[in-house]
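Hints in hand, dock the two standalone chains.
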Amino acid sequence: AQSVSQHNHHVILSEAASLELGCNYSYGGTVNLFWYVQYPGQHLQLLLKYFSGDPLVKGIKGFEAEFIKSKFSFNLRKPSVQWSDTAEYFCAVNEPEGTYKYIFGTGTRLKVLA
Amino acid sequence: DAGITQSPRHKVTETGTPVTLRCHQTENHRYMYWYRQDPGHGLRLIHYSYGVKDTDKGEVSDGYSVSRSKTEDFLLTLESATSSQTSVYFCAILGQLNEQYFGPGTRLTVT
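These protein sequence lines are chains A and B, in that order. Following this note's numbering, the numbering of the first sequence begins with 1 at its first residue and continues without gaps. Following this note's numbering, the numbering of the second sequence begins with 1001 at its first residue and continues without gaps.
Don't read these hints as lab results, they were simulated from the structure. Each residue gets a CB set at the ideal place from its N, CA and C atoms; glycine is no exception. Worth double-checking, as some hints may not be accurate.
In silico DSSO-like pairs for lysine-lysine, Cα to Cα no more than 27 Å straight-line [what the hints assert, rightly or not]:
(1) 1053/B x 69/A
(2) 49/A x 101/A
(3) 1053/B x 101/A
(4) 111/A x 49/A
(5) 1070/B x 1053/B
(6) 58/A x 111/A
(7) 71/A x 101/A
(8) 58/A x 101/A
(9) 49/A x 1057/B
(10) 61/A x 71/A
(11) 101/A x 1057/B
(12) 1070/B x 1011/B
Here are some chain B residues pointing at chain A (derived, C-beta under 10 Å) [unchecked claim]:
(13) 1037
(14) 1039
(15) 1042
(16) 1044
(17) 1059
(18) 1092
(19) 1095
(20) 1103
(21) 1105
(22) 1110
The shape of chain B in the complex, shown without the other chains (with noise of 0.2 Å):
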């Protein structure tokens, strides 16, 4: 199962208040990203860590911020949520034959 946690799983927070939501993995691996899914629009790409402090945009980087300051940890960061960021949260890590394991992921509402 690849050693991925997300936390917290769930979580409701108003409009305009910080949240951070923290990816963990226990093996090591170099490549760690942050997805939303969100009806009709399948899994994008926010963020993703290529190393620690290493990190570039996906295709819906708006209103997020990463840090990776250890290998096992990504942090994604909503500055001042908003409700169109109310989603379900997938973090997911590269495996070595360069496939995709993903955590069991954070469903976030934003009020």
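The following block holds chain A by itself, in its conformation from the complex (with noise of 0.2 Å):
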């Protein structure tokens, strides 16, 4: 079965720092990844995702990821991050075999301090 890892649990930026959160999947198989965020009190947006070809994939608020296969890895960045960017980020992948079941990761908490 699929496997989602986010090893950074809680983040502390300040305004303009860069971002990178980090998640790993366990099947190397045809993969649909994305990032979802949820702000304070509200339910998960979509951030991102990724099903082919560039593996560089750019979203909504200046996010962009990179899917790098041999890893394992679909890390989420932000050159620059503002406050109203904290947030909780969860990362996700479908199950394997075409399935339209998806795994979520355990979330990472932002904070942007002003």
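And the structure:
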């Protein structure tokens, strides 16, 4: 079965600092990868996704992620964070064999200091 | 916003009582999901549905049942609530580009 690891549980940054959040998955076949964001008190919203093609994916609000197949990774990046990026970030990947079941990581809670 | 609503939004119930949570969507999506969100665990899939009367278990299905008699409604039932089922429950649908859209959540407290 697929598994997803997010190694950073809590991250604190100052505004304008660069961000990189790690995400690793276990199954090496065809994968669909996602990053979702959950602002305080809200539901999850899609930031970006990777299905195929260019491994560097750009999403909303200046976020991007890079799919590195050899490392089973899909790390999220942002060159310069803002206070409004304070949120929890979840990586997700599909279960293998073409199912539409998705496994989520445990999340990374980001706090950006103004 | 994919037209997803959840009801109730908040509920407090006692151990041993049955509880049903409702997820309603307005855009005729085939796939619907129930997750629970707990600190340190992220989102965990309880059950999902791939059509009317077609459902399957997720990783934390014990103690939960689901039903989908209409495309637009996906019900999650706790037959006999326990304190370990205190959580925030999110419903989701699968969009046309295979991304998920989530409802606003239901905060359930079992005392």
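Violations among the numbered hints, reported as their numbers in ascending order: Hints 1, 22 are the ones this structure does not satisfy, whereas the remaining hints hold.
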